Amino acid sequence: MVQKSAATVTLEDLLSAENSKELVKGLSFEQGLKLLEELVARVESGQLPLDRAIASYERGAFIIEQLRALLAGAEEKIKLLPK
Amino acid sequence: MKSEEAAFLSISELVTLLNSTLERAHPRLNFEGEISKIKHHQSGHIYFDLKDGTGCVAAVIWRSGVPRIKFALKEGLAVQCRGRPNVWVGSGKLQMVVESITLAGAGLLHKKFLELKAKLEAEGLFAPERKRTLPFFPKAIGLVTSSQGAAIRDIDVKIRERMPSQLVYLADSRVQGAGAAEEIAQSIKMLSDSGLVDVIVVARGGGSLEDLWAFNEETVVRAIFASKVPVVSGVGHEEDYTLADFVADRRAPTPTAAAEMVVPKRSELLLYLSESERRLRDYERWLMPLTQKVDELAGHLESLTKLRIEDARNRLLSAQARLNSIQPGKVLETLRGKLEVLGQKLYGFGSRNIGERAARLDFIGQRGARAYVEYLNGRRHLVDRVVSRMEALDPRGVLKRGYAVVEGQAGVISSSSQIAVGEILQLRFAKGGAGAEVKTIKG
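Protein chains in written order, with the numbering used here: chain A, 25 to 107; chain B, 256 to 698.
What the hints contain is simulated information worked out from the structure, not anything from laboratory work. It cannot be assumed that every hint is accurate.
[Unchecked claim] For each label pair, taking beta carbons as the anchor points, the in silico distance ranges come out as:
hint : chain 1 : residue 1 : chain 2 : residue 2 : range
1    : B       : 405       : A       : 54        : 24 to 34 Å
2    : A       : 45        : B       : 551       : 16 to 26 Å
3    : B       : 540       : A       : 96        : 53 to 63 Å
4    : A       : 54        : B       : 416       : 18 to 28 Å
5    : B       : 529       : A       : 97        : 16 to 26 Å
6    : A       : 97        : B       : 557       : 28 to 38 Å
7    : A       : 45        : B       : 556       : 35 to 45 Å
None of these values were measured; they are calculated from a predicted model. All residues carry an ideal CB built from backbone N, CA and C; glycine is no exception.
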């Protein structure tokens with residue numbers, strides 16, 4: 025439940041990763057949100073080279089898609105913990 | 256004692272005197288007993304009797320003091336009170352005005368609470384530095400409470416309102432009475448060990464100190480301390496503090512507040528995502544610095560190219576002008592002029608006197624002179640050839656060799672078809688001319 029492996033994913037990792045989608049799928053909601061925040065700020069700064077900006081845009085869009093999916097789960101009832 | 260007649264008091268004076276004497280003598284008394292014959296009066300005051308095995312006294316709690324009572328007054332409850340005696344003029348009966356009332360044994364419980372708190376605090380169980388932060392958005396929440404209680408309803412309502420998709424595992428536990436503490440502790444351990452949840456909420460609705468007592472038991476406190484995931488306590492009301500609250504990573508004043516603490520609001524997250532998406536899609540804004548740079552460079556390039564074209568055109572124009580200024584006839588003339596000068600120099604040189612030549616030759620030296628003469632001869636020969644070739648082109652040269660030019664009415668005649676019998680033709684020789692009449696024409 026606690027994703028220690030994904031806890032250290034940085035924006036740099038995300039931008040340079042070949043399998044960025046796999047990386048994003050392994051993120052918790054909070055980590056994804058944090059990366060998204062950094063990413064949007066970087067893109068908006070206009071300081072990124074065009075190819076990096078476009079890569080950032082694509083990855084950002086994918087993060088948003090994943091985070092939405094995490095929020096969109098069906099309504100869960102309270103489950104009884106099996107004893 | 257001086258006047259027996261003046262010593263009679265009215266009844267109301269009597270009762271008032273006795274009342275004030277009593278009140279002055281005992282402004283505050285602590286007493287305990289069992290409640291009986293309790294009456295909640297319409298006015299809001301509560302009347303009851305307090306008794307023990309042999310004694311009995313009437314008691315009242317004025318309406319203003321009722322909100323401070325933390326438990327339900329019931330027939331037969333053993334209570335400890337603080338108050339003062341009062342004799343009411345209207346009836347002359349004695350009653351105790353109760354200012355505060357607690358369940359008997361509560362004092363003992365409180366003492367136990369403080370002792371355990373001090374002990375666990377000394378062990379470092381409540382240390383602020385070991386408080387863990389809660390996950391921002393838990394994948395699953397472990398809930399320790401009774402499936403029959405009010406807390407589970409409040410928590411469920413709040414969670415569904417904030418995050419309908421939130422997964423919650425309930426470890427159903429009795430939360431009061433004998434064995435409750437052990438069940439709560441066991442549930443916390445099970446959830447912690449299950450690996451299913453990343454935060455645990457321990458909750459119970461409001462109640463008396465006794466009702467909440469399980470959350471002050473050492474076994475519960477230690478189970479919370481040992482949990483592998485953060486624990487939030489939401490026990491009782493705002494003003495209730497239990498040891499579970501002290502050891503928990505976060506203390507929520509109520510079960511509802513605990514739910515708010517562990518679950519983010521989905522609507523807010525979705526809003527944030529939409530906002531992020533909008534910002535990310537705002538190409539125009541984040542591309543602006545780049546497009547500006549491109550525009551700038553394009554401008555530079557354009558002006559540079561214009562300069563180049565302008566330059567090329569200017570060079571072309573000047574070349575054209577220079578080309579136009581060169582006239583073939585003039586060139587020939589210039590060449591001829593140069594040739595003449597050269598010729599004059601050569602012939603002039605030949606006619607100069609010998610002394611001058613010798614002096615010159617001496618000056619240059621024997622070998623140099625020979626080479627010089629040879630060179631001059633070569634040049635002279637070259638000039639002679641050019642002159643003779645030019646002479647060959649001169650029509651007069653041809654005439655000198657005996658040819659004549661014949662001119663008729665049609666100009667210079669080169670064919671017999673250009674003349675007629677009897678026509679007078681003009682003959683031109685190298686020197687002079689003559690007229691001639693055509694007698695016959697041949698083929």
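Outcome of the hint check:
no.: 1; hint: 405/B <-> 54/A: 24 to 34 Å; in the structure: holds (31 Å)
no.: 2; hint: 45/A <-> 551/B: 16 to 26 Å; in the structure: violated (36 Å)
no.: 3; hint: 540/B <-> 96/A: 53 to 63 Å; in the structure: violated (28 Å)
no.: 4; hint: 54/A <-> 416/B: 18 to 28 Å; in the structure: holds (21 Å)
no.: 5; hint: 529/B <-> 97/A: 16 to 26 Å; in the structure: holds (18 Å)
no.: 6; hint: 97/A <-> 557/B: 28 to 38 Å; in the structure: violated (56 Å)
no.: 7; hint: 45/A <-> 556/B: 35 to 45 Å; in the structure: holds (39 Å)
Hints 2, 3 and 6 from the list above are not met by this structure, while the remaining hints are.
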